[in-house]
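Peer 1: Listed below, chain by chain, are the residues.
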Amino acid sequence: MNKKEQFAIIYEEHQAKVFRICKGYFKGDEHTANDTVQEVFIKIWQHLESFRNESRISTWIYRITLNCCLLHKRKPAVKKEIPMPELPDAIQVDYNPIREEQLKKMYTCIGQLEATDRLIITMILEGMDYGEIADIIGITGDTLRVRIHRIKKKLTNCVQL
Amino acid sequence: MTSFDTIQYLWNQQSHAIKVSSRLEELIELAEKKTRKIKIRQYWNTAILGISILLFVWYIAVFTGLRASWFHAGILLMLLSLVLRVVIETWSLVTLNRIDIRTDFRNYTRHITRFYKSRKMIHYVATPLILSAYTTGFLLLLPAFKKSFSTAFFVYIVISGGCFLVVFTFFMIREIKKEIKMLTFLRDIDI
Chain A
1 MNKKEQFAII YEEHQAKVFR ICKGYFKGDE HTANDTVQEV FIKIWQHLES
51 FRNESRISTW IYRITLNCCL LHKRKPAVKK EIPMPELPDA IQVDYNPIRE
101 EQLKKMYTCI GQLEATDRLI ITMILEGMDY GEIADIIGIT GDTLRVRIHR
151 IKKKLTNCVQ L
Chain B
1001 MTSFDTIQYL WNQQSHAIKV SSRLEELIEL AEKKTRKIKI RQYWNTAILG
1051 ISILLFVWYI AVFTGLRASW FHAGILLMLL SLVLRVVIET WSLVTLNRID
1101 IRTDFRNYTR HITRFYKSRK MIHYVATPLI LSAYTTGFLL LLPAFKKSFS
1151 TAFFVYIVIS GGCFLVVFTF FMIREIKKEI KMLTFLRDID I
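Those sequence lines, one after another, are chains A and B.
Residue numbers 1 to 161, in my numbering, belong to the letters of the first sequence in order.
Residue numbers 1001 to 1191, in my numbering, belong to the letters of the second sequence in order.
Just chain A, with the same shape it has in the complex (with noise of 0.2 Å):
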């Protein structure tokens, strides 16, 4: 398999993660995360030839996503480089204001909480396993445990409200 199309079959698996994350972190803002995701996927495209398996492919992805979250505030006014192709029908169809309303809520609440909680949350909300978290942020299983409980308690909280 050559770099591209192993580059295709990572960016088809991964895309809407990456953006997920992405928006989870800048607190809902699409704009901002489709530019970082842009920036994740031009340094794994930058870096591909170097990843060794010595972890999970997507322990590695999620990796330079956090990192590219966490830099991307070094670059307040990023140029949009690759124009915004038409949204497809089906997108508008599915509109249901309560559903955005109550999505808005949870960006909210996702936005209060602090920067790496922020993180941690949306790869828990992303289905992703305790032990590849704590792999990707560079901390223990059971720190990583007591630390989604108490994001788990404040995110509930402010749902609540």
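Incorrect hints may appear among the rest.
Stated by the list, open to error - EDC-like mimics (lysine to aspartate or glutamate), calculated; alpha carbons at most 20 Å apart, straight line:
id, chain 1, residue 1, chain 2, residue 2
1, B, LYS1033, A, GLU5
2, A, LYS154, B, GLU1026
3, B, LYS1039, A, GLU49
4, B, LYS1117, B, GLU1025
Simulated from the structure, these hints should not be mistaken for laboratory data.
Place chain B on chain A using the hints.
Peer 2: Okay, now just chain B, sitting in the frame of chain A:
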């Protein structure tokens, strides 16, 4: 259903509606373009640095010799401050690019924080020194300019030189503020 289950349900609902804006081919093209751009920038930095050093050496060899004058000192100060600035910026760029983006979040945050701390030192110590050296150099050249050029051209040099310093200082302060803000943000990160 607990509240967290509700959040999870909401989160899953949005999964179907998300479309990322980048197309694969364009993304690869952009990645290649950016890689080329980084390489070109590194070549330019090396070229500017090399030319500055060559100019510096050439100037010492040809013009100053052992004769010292305020004019020579002025030119030397200006050249030296420019060389120093280019060296510092190149070093910073290389250091930033060497930080491994594939490492875990905790480690990456630690390295990035260290990088911004070094930038703070540069901004608070090296930058004022460089700026003062450059300004002093420029001021030392003025008497010689006054003697050699017409009044109108002399006034033009003073005004344009002054404007350059003001604009440069303005951009410098903006950059410093941005980087200090980033450092504060990084320090607040709790891992």
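Peer 1: Does the alpha-carbon distance linking LYS1039/B and GLU49/A stay inside the 20 Å limit?
Peer 2: 18 Å, holds
Peer 1: When you check the alpha-carbon spacing of LYS1033/B and GLU5/A, does it fall within 20 Å?
Peer 2: 19 Å, holds
Peer 1: LYS1117/B and GLU1025/B were given as a pair; does the straight-line alpha-carbon distance stay at or below 20 Å?
Peer 2: 38 Å, violated
Peer 1: With a cut-off of 20 Å on the C-alpha distance, tell me whether LYS154/A and GLU1026/B pass.
Peer 2: 40 Å, violated
Against the hints set out earlier in the document, violations occur for numbers 2 and 4.
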